[in-house]
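So you can see what is in the structure, the chains are spelled out below.
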Amino acid sequence: MSDRHFVKYTFLKVDPAWRRLDAAERAQHKREFLAACEDFGADHLLQSFSLVGTRGDVDLMLVAESENLDRIHEFHVVLGQSGLMKWAAQPYSFLGLRKGSEYSDEQRLVPRAFRGRYLFVYPFVKTRAWYALDAKERWRIMQDHIAVGREYPQVDNHTTYSFGLDDQEFVVAFDTDDAGAFLDLVQRLRTTEASAWTLRDTPSFTCLRVSAERALGALDGEPVPALDPLAS
Amino acid sequence: MSDRHFVKYTFLKVDPAWRRLDAAERAQHKREFLAACEDFGADHLLQSFSLVGTRGDVDLMLVAESENLDRIHEFHVVLGQSGLMKWAAQPYSFLGLRKGSEYSDEQRLVPRAFRGRYLFVYPFVKTRAWYALDAKERWRIMQDHIAVGREYPQVDNHTTYSFGLDDQEFVVAFDTDDAGAFLDLVQRLRTTEASAWTLRDTPSFTCLRVSAERALGALDGEPVPALDPLAS
Amino acid sequence: MSDRHFVKYTFLKVDPAWRRLDAAERAQHKREFLAACEDFGADHLLQSFSLVGTRGDVDLMLVAESENLDRIHEFHVVLGQSGLMKWAAQPYSFLGLRKGSEYSDEQRLVPRAFRGRYLFVYPFVKTRAWYALDAKERWRIMQDHIAVGREYPQVDNHTTYSFGLDDQEFVVAFDTDDAGAFLDLVQRLRTTEASAWTLRDTPSFTCLRVSAERALGALDGEPVPALDPLAS
Amino acid sequence: MSDRHFVKYTFLKVDPAWRRLDAAERAQHKREFLAACEDFGADHLLQSFSLVGTRGDVDLMLVAESENLDRIHEFHVVLGQSGLMKWAAQPYSFLGLRKGSEYSDEQRLVPRAFRGRYLFVYPFVKTRAWYALDAKERWRIMQDHIAVGREYPQVDNHTTYSFGLDDQEFVVAFDTDDAGAFLDLVQRLRTTEASAWTLRDTPSFTCLRVSAERALGALDGEPVPALDPLAS
Amino acid sequence: MSDRHFVKYTFLKVDPAWRRLDAAERAQHKREFLAACEDFGADHLLQSFSLVGTRGDVDLMLVAESENLDRIHEFHVVLGQSGLMKWAAQPYSFLGLRKGSEYSDEQRLVPRAFRGRYLFVYPFVKTRAWYALDAKERWRIMQDHIAVGREYPQVDNHTTYSFGLDDQEFVVAFDTDDAGAFLDLVQRLRTTEASAWTLRDTPSFTCLRVSAERALGALDGEPVPALDPLAS
Numbered sequence: 479m480s481d482r483h484f485v486k487y488t489f490l491k492v493d494p495a496w497r498r499l500d501a502a503e504r505a506q507h508k509r510e511f512l513a514a515c516e517d518f519g520a521d522h523l524l525q526s527f528s529l530v531g532t533r534g535d536v537d538l539m540l541v542a543e544s545e546n547l548d549r550i551h552e553f554h555v556v557l558g559q560s561g562l563m564k565w566a567a568q569p570y571s572f573l574g575l576r577k578g579s580e581y582s583d584e585q586r587l588v589p590r591a592f593r594g595r596y597l598f599v600y601p602f603v604k605t606r607a608w609y610a611l612d613a614k615e616r617w618r619i620m621q622d623h624i625a626v627g628r629e630y631p632q633v634d635n636h637t638t639y640s641f642g643l644d645d646q647e648f649v650v651a652f653d654t655d656d657a658g659a660f661l662d663l664v665q666r667l668r669t670t671e672a673s674a675w676t677l678r679d680t681p682s683f684t685c686l687r688v689s690a691e692r693a694l695g696a697l698d699g700e701p702v703p704a705l706d707p708l709a710s
Numbered sequence: 479m480s481d482r483h484f485v486k487y488t489f490l491k492v493d494p495a496w497r498r499l500d501a502a503e504r505a506q507h508k509r510e511f512l513a514a515c516e517d518f519g520a521d522h523l524l525q526s527f528s529l530v531g532t533r534g535d536v537d538l539m540l541v542a543e544s545e546n547l548d549r550i551h552e553f554h555v556v557l558g559q560s561g562l563m564k565w566a567a568q569p570y571s572f573l574g575l576r577k578g579s580e581y582s583d584e585q586r587l588v589p590r591a592f593r594g595r596y597l598f599v600y601p602f603v604k605t606r607a608w609y610a611l612d613a614k615e616r617w618r619i620m621q622d623h624i625a626v627g628r629e630y631p632q633v634d635n636h637t638t639y640s641f642g643l644d645d646q647e648f649v650v651a652f653d654t655d656d657a658g659a660f661l662d663l664v665q666r667l668r669t670t671e672a673s674a675w676t677l678r679d680t681p682s683f684t685c686l687r688v689s690a691e692r693a694l695g696a697l698d699g700e701p702v703p704a705l706d707p708l709a710s
Numbered sequence: 479m480s481d482r483h484f485v486k487y488t489f490l491k492v493d494p495a496w497r498r499l500d501a502a503e504r505a506q507h508k509r510e511f512l513a514a515c516e517d518f519g520a521d522h523l524l525q526s527f528s529l530v531g532t533r534g535d536v537d538l539m540l541v542a543e544s545e546n547l548d549r550i551h552e553f554h555v556v557l558g559q560s561g562l563m564k565w566a567a568q569p570y571s572f573l574g575l576r577k578g579s580e581y582s583d584e585q586r587l588v589p590r591a592f593r594g595r596y597l598f599v600y601p602f603v604k605t606r607a608w609y610a611l612d613a614k615e616r617w618r619i620m621q622d623h624i625a626v627g628r629e630y631p632q633v634d635n636h637t638t639y640s641f642g643l644d645d646q647e648f649v650v651a652f653d654t655d656d657a658g659a660f661l662d663l664v665q666r667l668r669t670t671e672a673s674a675w676t677l678r679d680t681p682s683f684t685c686l687r688v689s690a691e692r693a694l695g696a697l698d699g700e701p702v703p704a705l706d707p708l709a710s
Numbered sequence: 479m480s481d482r483h484f485v486k487y488t489f490l491k492v493d494p495a496w497r498r499l500d501a502a503e504r505a506q507h508k509r510e511f512l513a514a515c516e517d518f519g520a521d522h523l524l525q526s527f528s529l530v531g532t533r534g535d536v537d538l539m540l541v542a543e544s545e546n547l548d549r550i551h552e553f554h555v556v557l558g559q560s561g562l563m564k565w566a567a568q569p570y571s572f573l574g575l576r577k578g579s580e581y582s583d584e585q586r587l588v589p590r591a592f593r594g595r596y597l598f599v600y601p602f603v604k605t606r607a608w609y610a611l612d613a614k615e616r617w618r619i620m621q622d623h624i625a626v627g628r629e630y631p632q633v634d635n636h637t638t639y640s641f642g643l644d645d646q647e648f649v650v651a652f653d654t655d656d657a658g659a660f661l662d663l664v665q666r667l668r669t670t671e672a673s674a675w676t677l678r679d680t681p682s683f684t685c686l687r688v689s690a691e692r693a694l695g696a697l698d699g700e701p702v703p704a705l706d707p708l709a710s
Numbered sequence: 479m480s481d482r483h484f485v486k487y488t489f490l491k492v493d494p495a496w497r498r499l500d501a502a503e504r505a506q507h508k509r510e511f512l513a514a515c516e517d518f519g520a521d522h523l524l525q526s527f528s529l530v531g532t533r534g535d536v537d538l539m540l541v542a543e544s545e546n547l548d549r550i551h552e553f554h555v556v557l558g559q560s561g562l563m564k565w566a567a568q569p570y571s572f573l574g575l576r577k578g579s580e581y582s583d584e585q586r587l588v589p590r591a592f593r594g595r596y597l598f599v600y601p602f603v604k605t606r607a608w609y610a611l612d613a614k615e616r617w618r619i620m621q622d623h624i625a626v627g628r629e630y631p632q633v634d635n636h637t638t639y640s641f642g643l644d645d646q647e648f649v650v651a652f653d654t655d656d657a658g659a660f661l662d663l664v665q666r667l668r669t670t671e672a673s674a675w676t677l678r679d680t681p682s683f684t685c686l687r688v689s690a691e692r693a694l695g696a697l698d699g700e701p702v703p704a705l706d707p708l709a710s
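Chains as they are written, first to last, in the working numbering: chain H, 479 to 710; chain E, 479 to 710; chain D, 479 to 710; chain V, 479 to 710; chain F, 479 to 710.
A hint or two may mislead.
[As the list claims (entries may be wrong)] No more than 27 Å apart at the CA atoms, straight line, and that leaves these computed lysine-lysine pairs for DSSO-like:
#, chain 1, residue 1, chain 2, residue 2
1, H, Lys-564, E, Lys-564
2, H, Lys-614, H, Lys-604
3, V, Lys-604, F, Lys-564
4, D, Lys-604, E, Lys-604
5, F, Lys-564, V, Lys-564
6, D, Lys-614, D, Lys-604
7, F, Lys-564, H, Lys-564
8, E, Lys-614, E, Lys-604
9, F, Lys-604, F, Lys-614
10, H, Lys-604, F, Lys-604
11, E, Lys-564, D, Lys-564
12, D, Lys-604, V, Lys-564
13, V, Lys-564, D, Lys-564
14, V, Lys-614, V, Lys-604
15, H, Lys-604, E, Lys-604
[Stated by the list, open to error] Partial list, derived from the structure: chain E residues whose beta carbon lies under 8 Å from chain H:
#, residue
16, Ser-582
17, Tyr-609
18, Phe-641
[To be verified] Away from chain V, derived, C-beta distances all over 12 Å, residues of chain D:
#, residue
19, His-522
20, Leu-523
21, Val-530
22, Arg-533
23, Ser-582
24, Pro-589
25, Ala-591
26, Arg-593
27, Ala-610
28, Trp-617
29, Asp-645
What the hints contain is simulated information worked out from the structure, not anything from laboratory work. Yeah, the Cβ is synthetic: ideal placement off N, Cα and C, and Gly gets one too.
Required output: the full structure, derived from the provided sequences and hints.
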């Protein structure tokens, strides 16, 4: 089991005071942040998202995938050295592990990037009564839930597991190009039998998939000036 | 379904320290904020509200409507460049999508401005037990609820959907010129059968519909000086 | 119904850093706050309370009553221009409307000042199951509750309604000269049938009724120096 | 009933930035705080506790007892003038009133100091279902609870009442020299019938009873230099 | 019982502004923190953990074990004198006491260091209904829970007791070299009968066991320079 990958969602909110710094300093802070991302991204899956305009409490989110916790730790140490992180708080953070589902044959162990323009992510906890059900009964209930999901092929699920590692049981993530279809799917799923066993599925984050450069640019409306070796 | 519009409620609280800045700086900050609003408002629905005096945790609220998430994102990027946003937090934020109701023939897909002097808005979540009811039973229960609403024709409903996009299921909004009538309506609705299936309907915001200029002026008691091309 | 009055409870916490300012600046800040109060108070009911020593999260509370929301908004705009509000947060805020009770003949529509030395105020929400009861059954249950209240004639009730306007259903307020009698009354009321239908009745604030000058003086232990036209 | 005493628990957290001030300024701030304590303590019960090392959100706690609310208010006004309070927040605050128990003959009306080395204090709320029980039934259930308490004579109970005055119904406080015995008692009490009717009994504070000088010294590791007239 | 040891979990979050200080000042702050740890660690169990990259709200965690509360208090007083603590908040803090389990023969009274590379810790509260069960019934239910744990011998449990001392009943801690195995164990335990009686088991912290030097170095990406007498 040692080859299962960890997936880390890091949500950042930049202190409004950061935008009062002069432009050169902000540009330098963003270049340092970008350099940390490019370093980790050279041999790991790393994706960037902007939440400017969709949430009030988060500006930027990173999803980092790694073969172990130490590499994720190391990435965040390097990230923390960037000027931007000296002005940023992490209002949310989700740590998950890839693991196969007992209810589906879907392959979830292989690292897989988000491809849709939009990512929707939320922490998920089921009631304890759910776990007291017989495994066959849980399997039966989940089939209808999964069938509804399959009616929306443009919406792709990327669930990871957090039992004991973090405050939720699952990190549920969906990507799609069609945000309206995702909303329709979630509303449909409310009426499945499985829905009754949900204890918590908030906060729910609508994220725009963009390059790290664009996510950084959205913080102060200015593009990230190129570093020589990192020019995009 | 691609033509459904997104409706974004952005609640702002200005740092008390902002009011300690000198008047010319504050005036400039407000002009920049206003310019961002006027830019977006040129071809989109954008309305401004003041909460000074009705809430302690919000000063100003914007409702922006757009054909897609990217345009709402872009608006907030531009807004974030204004001086005012360098001193503002967003304590609440609601993202909704227009969608027709399964319980009513009311047309809700077309962008429609708030016209009343007062806007009342709150996030809304129903219990999971509600969704386990048969669709016909839900329809029956909602008819009485809707009928009570129709007894208050001076109160106009503008509900949008948030399933999966944000922490609530619906953003419920009512506008009216008669705040007392709205209170009477809400109290009446408590005794309908539908009321029992409410899980959460707070926080609830009383908002005064005003021009962006007036909402900005209420922050420090001073009018927004005109920018040449934007003089009101 | 247009003549029902709004009652606004505004709770303030002054940043500890404000007390580090020099005495002359603090005196000026308090004079400006007082001037705003005196202006509104000239033709509206406005009362001041100190919570220094009874709560940790509030220092001063104002109750302002007005014929409409716009006048309350305007008062808070003017208040916000005072130096003190440039250092104050509003950790709590309750907006209520006067309305007659369906369970009591008591006259509650006329503006009525608090006269006791102490004011106790809390937001109040009943369970939804309460509202599913028959109106006669609710009336029956409330009679016992009201009868217990009448055994404490030294405690005077001032309830206003917040349905849809704010996060609670009611703002419950009692004034008395005898804080111990109020505690005894609240403990007695726990055993009435009505008590079982309470969903929320906290936070609960113990407030000392004092002049605005005294409430301001309690913030830094120094009296408010007289402004010529406002000398008390 | 006018001679029942109020008991105020004031929990303080000092801004970490305070420890960055120079030593002379900190010493002066602590002397001023101490002077306010000594002034009130001259004719009232006042006890000091340190929570450094037992909680992360509180550094120091004071318990002040007085014949009325006004004297407690006045003490906090004077305390607020000390330099230390210009850098302190009050994350918790409990206001209680002495009152005899309906379940015990224990005398609780007389002011009584804590004598143990450790104080454990928490706010306490019972379920509403408890209060719907018949008074005799409640009395019966409490007898077993009280009997378990008597098996731990080294642990002394000091409960006061907060109905309507503050967010809890009771402020429960125990002092002892044997923290382990207190833990054993609380674990034992979980299995009494009374325990089932508890709605809330957190946060729970472990406090070390020390002199005000020692509690102040623990804030920055330096003793409080003597003021001439107040030298201890 | 006086020889039971207290175990204190102290979680620290360093103000992002600290990383803006110059490198020499940060190095000095870290040396002072390290000196306090080495002083306490000379004759007590003290272990350090980094949470950089696994949580957003904590950077570093210490577990300190002592024969009494006073020694833990004293350690935190000394720690508080370090420069680092002048820029750190303690967002979480758990105080526990070693005590034998009534359900297991496992020896838990003796101080025992964490040996795994990863530590998982969370506060734990059971429902009151659990405590109303007969002791034999509770014993029976726990045996299955314990048996599942034994299937994961690479995961080691270190539970301490907090009844009345802190906000939780237990501080549950597990160390292991295999984070995935721990996740699998926690997921397995959801389906045991005992699981249904859990009231709260969050927040859950994933901690990397490292030397104090490394945990401090992770804060700003720079190693802790040696102090002469403390050179490692």
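message: Tell me the numbers of any earlier hints that the structure contravenes, in ascending order.
response: 3, 12, 16, 21 and 22
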